[in-house]
Amino acid sequence: MKSIKDVGIVSWGVYFPKYRIKCSDIGKVWGFPPQYSDGLRVYEKTVANIDEDTITMGWEAARYAVARAKIDPKEIEAIYVGTESKPYAVKPSITIIAEALGITPKTLGADLEFACRAASEAMEASIGLISSGMIKYSLVIGSDTAQASPGDVLEFTASSGAAAFILGLRSENIVAYFEGSYSYITDTPDFWRRSLAQYPMHGEQFTGDPAYFAHIISAVKGLMEELGFKPSDFDYVVFHQPNGRFPLKAAARLGFSKEKVLPGLITPMIGNTYNGSALIGLAAVLEVANPGQRILLVPFGSGAGSDAYSIIVEEGVKEKIHLAPTVKELLEDKEYVDYTCYSKYRGLTSKFNF
Amino acid sequence: MKISVPRVWRELKSHYLLEASVCTKCGKIHYPPRTICDNCKNHKLIRRKLSGEGEVLTYTVQYVVLEGYREHAPIIFAIVKLKEGVNVLAPLTDVKPENVRVGLKVTAVLRKITEDGDLGLIKYGIKFKPMKEFRNEGNVAYESEKRTRKNS
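These protein sequence lines are chains E and S, in that order.
Per the working numbering, the first sequence runs over residues 322 to 675.
Per the working numbering, the second sequence runs over residues 11 to 162.
Just chain E, with the same shape it has in the complex (with noise of 0.2 Å):
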C-alpha cells in the first residue's frame, strides 16, 4: 500500500519500567532445566510497577514521543493506543493518556485490538488519515503489561512496556518516512484469551510456523515484489520479537544477515513486550540508523496478521535522540526483584480484601 502524499515519523518515545526479573529465577522457582530461557534467548525481563498499567506506560512513552516532536500537542487530531491488556474492558483507556497528555477535546481516538499487532493498524490508519488530509498529526501507542499464567514457559517472555509515535506528513521535522506498506491477515489460532480469562493460551509449537513465521515472511514477501526491493536494499530489518530467537530464525529464511536485525532486537533484555515489541526496536533502530538508510518493520499479531513497512531515515533524526531518554538508556536504568516482588507487582499475589 502506497499514501496519496509521504507520511512520516515526527517522533518517537519508548518506556519500560525500570524493574527487572532474571528469566533463570523463574525457571528455578518452576522446576525448568538451567538456562532453559537462554534457548528463547531471553535473560531478563521488564516488570511493571504495582502502580503501573498500560494506561501508565502509555502515557509515558507518549510524553517523550511529544517532547521530541517540536510541535504544539494541541495539532495532534488522533490518538489511538494499541494494546491486549486493557486496564478496562469497556472504558478507552485512549481517553485517560488524551486527558493525562492535555490533548482533548477534539481528538479522534480509540483503543485498537488485534493481539501484538494492534498498534500496527493504528499506524496504517493513521498514514492513510495524514496522507488524505482529514488530519495533521496522530499519535500512535503501543502499550501492554502482558499476562502470562504462572508456570507456563510464556511467563519467561510476557514483560511489559509502550512505545509511542507522532505521525505526520513529510517535512522538514521528520526523521524518517514510509515508503509503503503490506499488510497479511488470516485466521490462525495459535494465541488467544477469551473473554474473561486472566491468562492467554497459546497453540505450542502452533505458534510458530503457521503463525509467526508464515505470516511475517509473506508479508515482507508482498511487501519487497510490491517495491521492487530485494534483501541488500535494507540496512535495518526489525521483527516483531515474541523471543530473541524468532526475528533471528525469520531473517535468516529472508535472507537477511544478523547484523541487519540485532540493533533493533531488544527482547533478550525487556522480554516480549507485545505491543510495544516491535516498535521499542523500530525506535532503538531510529536511534542508530543514518539518513538515507532503510528500515525493514514488521510487526506481527496473534489470531494472526502481520505488516511490513519501508520506512526512509531523514535528516531530522539525529536532532531529536537526546530530547528524551533513549533505549539504551532505558535498558542501563534497571533494578532486580525476586519472584516475590515480581508476584506481588504483577498480581500473582495480593491481599484478601474483606
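Worth flagging that the hints you see were computed from the coordinates, not collected in a lab.
Think of the CB as a built atom: it goes at the ideal place given N, C-alpha and C, for glycine as much as any other residue.
This list has only true hints and no planted wrong ones.
Residues from chain E that face chain S, not an exhaustive set, calculated with beta carbons under 8 Å:
| # | residue |
| --- | --- |
| 1 | N370 |
| 2 | I371 |
| 3 | D372 |
| 4 | E373 |
| 5 | I376 |
| 6 | T377 |
| 7 | W380 |
| 8 | E381 |
| 9 | P408 |
| 10 | E420 |
| 11 | A421 |
| 12 | G423 |
| 13 | D654 |
| 14 | K665 |
| 15 | K672 |
Following the hints, complete the assembly by docking chain S onto the known chain E.
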C-alpha cells in the same frame, strides 16, 4: 463504592496534568487549585499546568496503610517543591525508602493511585519519581545484550 466518581472526574485536570490556579492579581500559585486566592482574596484565578519538576522538601514513610493500599506499602509521601516555587504533597514511586533524601530531584509521572476493588473505578494521578540524567551516547542493543547474558 469507595471511590467517588464525581470527585475523580472533577479533579481530573489537577490530578492528571498537575494543573494549578494562579492569582491574576498577586501571582500566587495554588495547588490543589483554589477559586479564591488565600493571599489577596482575589476571585480571578487562571489555570496553568505546572512543570512537574522539583525536589523533595521533606517526606515520611507510611507502613500502616488504609484498606486497599497494602500492595502499595510502604508508601512514601513527600512534599515536593516544584521549580515554580509551589509545594505539592504526593506519593513517591520507583524508589525505596532508604534511597530517598531531602533535596532528591524528582519528576511527575502518571500512576495508578488506587482501585475500587476488582469492579470499581481505577483512580489515576500524579506521583513523583527520581529524575534521571541520561547521558549515554550511541545505542547498540547488542552490547547491552552481551552484558545482560553474562549477568544472567
